[in-house]
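Let chain A serve as the given structure and place chain U on it in line with the hints.
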Amino acid sequence: MKIHNTTGGRIFDAANYVFLAVIGVLTLLPFVYVFAGSFATEAEITRRAFFVWPEQFSLGAYEYIFSTPAFIRALVTTVLVTAVGTVVQLILTVTMAYPLAKRNLRGRQLILSLVVFAMVFSGGMIPTFLLIKDLGLLNSYWALILPAAINPFSLIIIKNFFQELPAELEESAKMDGATEIGILWRILLPLSKPVLATFALFYAVGIWNDFMSPLLYLSDNSKWTLQMYLRQVTASSDLLGSGNVDPNYIPPEQGIKFAVIVVATLPILIFYPFLQKHFAKGMLIGSVKG
Amino acid sequence: MTTSTVDVKAPEQAPPPAPAPGRRRRFAVHFAHYKWLYLLLLPGVLYFAVFRYAPMYGVSIAFKDYVPFLGVNASPWVGFQHFQDFFANPDFGRLLGNTLILAFLNLGIAFPLTIVLALLLNEVRLSILKRTVQTLVYIPHFLSWTIVASLSFLLFALDFGPLFLFINSVLGTDIDFLSDPAWFRPLIVLQEIWKNTGWGTIIFLAALATVDQDQYEAAIIDGAGRFRRVWHITLPGIRSTIIVMLILAIGQMLNTGFEQIYLMTNALNREVADVFDTYVYFVGITQGAYSYSTAVGLFKSLVGIVLIFGTNALAKRFNQSGLF
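Protein chains in written order, with the numbering used here: chain A, 1 to 290; chain U, 1001 to 1324.
One chain only, chain A, in its complex shape (with noise of 0.2 Å):
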């Protein structure tokens, strides 16, 4: 398609143009302001008001923040969790998805049915809460995994994945003589790991930031997650009003609330190129159609 461009449309254009990168840059602001300051002194960032570049390097926050146990103890504990939870949602969501890729197996209807069901209604907070509690996970490290960990919808595309794939493949390995399971192992697995790999990654990514199953299910704050703990600095006492936050603590520096939100974030934008990569292709498959 051609188009001739008239002055006005020129001038869009180049307004547009404009707007769009002051946008982009507006956006990124924030971070890199905050990015600035965990990088700066305290007097620069109290003398400051804005800043991209600190006029001192100092690196007192990030000294600070990496000899607290506390620190330490949560960016640990959530390292922890996203990479077990992250293996225990792949297994839980491929193991089940294999046997509802396959058209001919009883039952499979009716499962198909009630996942779909769980994905329009659910018993919310509460009875989740209670069943977490009666189930003795409370404070327990599984409350964070167990309850979220196969997403319907991740289910069903990787169902519908595997359901795409030639059948011809199994087939003709069904003939060597390979069973079910070692067709999911060696066949359908190599074939899917870009598939995988990408939900790996948002699996990952929701459960790094994940606030409220923490808030809900773990009371002992020797047991918090970096979101938890990044809550609580961040928070300056005089606001809180809504409980959760031991009344003993005393509100750190400003630095140290830059670098703690730089650490919660540099995990997120390390792996964002990879998400990006893949999820406009991955939502598009969940969402557009007709």
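A portion of the hints provided could be inaccurate.
[What the hints assert, rightly or not] In silico EDC-like pairs for lysine to aspartate or glutamate, Cα to Cα no more than 16 Å straight-line:
#1 102/A / 170/A
#2 1035/U / 180/A
#3 193/A / 164/A
#4 102/A / 171/A
#5 1130/U / 13/A
#6 102/A / 180/A
Bear in mind the hints are in silico, worked out from the structure with no lab data behind them. Quantities reported herein were computed from a predicted structural model and do not represent experimental measurements.
Same frame as chain A, now just chain U:
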């Protein structure tokens, strides 16, 4: 909510192997043949039974007086008592008002902004600029609400935050963004815009890519300018996507996002901040009124289901393709 992609009604292919006499016998043969598949299915089915369906059964405490040591089963029935209490409680009107105001602010401001941003991005022919801007505006979607709230606390902090100081230098007055109840809603909408507007454009950009390019050429020959092309071709071309997204948004209206609201709630703004989700938490988890708060949660999800089916029926009546 994308039930449209689920092929629940997919036709059964290939008949089960070895048709044997008797249904039970046939199933036994089928089961023996597929025992590994059923074994693989087991953990997932157990998960759904325990973590999805057991809580649905637990919803029955909304009609009971839940006593922890009696459990869900043995607690006595009270019928609709908790619902009556809730509707009679002055909290009800306040929660409904707060929830709806936030929902309409998001629908009225954040939703159109997403479409506008998608349209502007769609007009960009310089692909490096387009990709760079997209990369930047998608990022906040992946950050947690804890980070968004923390950034807000820093940026708007009294006497210290850059945005506080900026507004102060422009207007000459101190505005306590974080605890003044009047600023709670603008802040929530601002956060929502920052976090999700960019991400929301993905779906509209995908729809925009499917708009028939020939129509533009025809319109140019007819002398239609940039804005008239957008108005008469582009927007009608993505109308069904806009309607579907609107239905989804309306269906989610009462889901104000627990984490976001909870993190921005404080002792001074509770009056305007409390919504159904956070109320369930405060009354249920922190005060232990399990049955009552379950009733509130159930009321909310039932209204949500009515909303999504209602708007879908409405969309169909206007001769648009609905969701289902």
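Against the structure, the hints:
1. Using a Cα cut-off of 16 Å, the hinted pair residue 102/A and residue 170/A holds, with the two alpha carbons roughly 11 Å apart.
2. Under the criterion of a C-alpha separation no larger than 16 Å, the hint pairing residue 1035/U with residue 180/A is consistent with the structure, at around 9 Å.
3. Simply put, residue 193/A and residue 164/A have alpha-carbon atoms about 15 Å apart, close enough for the 16 Å limit, and the pair holds.
4. Of the pairs offered as hints, the one joining residue 102/A and residue 171/A holds, with about 13 Å between alpha carbons and a cut-off of 16 Å not exceeded.
5. In summary, the hint linking residue 1130/U to residue 13/A is supported, as the alpha carbons are separated by about 12 Å, within the 16 Å threshold.
6. With a CA separation close to 11 Å, the supplied pair residue 102/A and residue 180/A stays within the 16 Å bound.
Going through the hint list in order, the structure satisfies each hint without exception.
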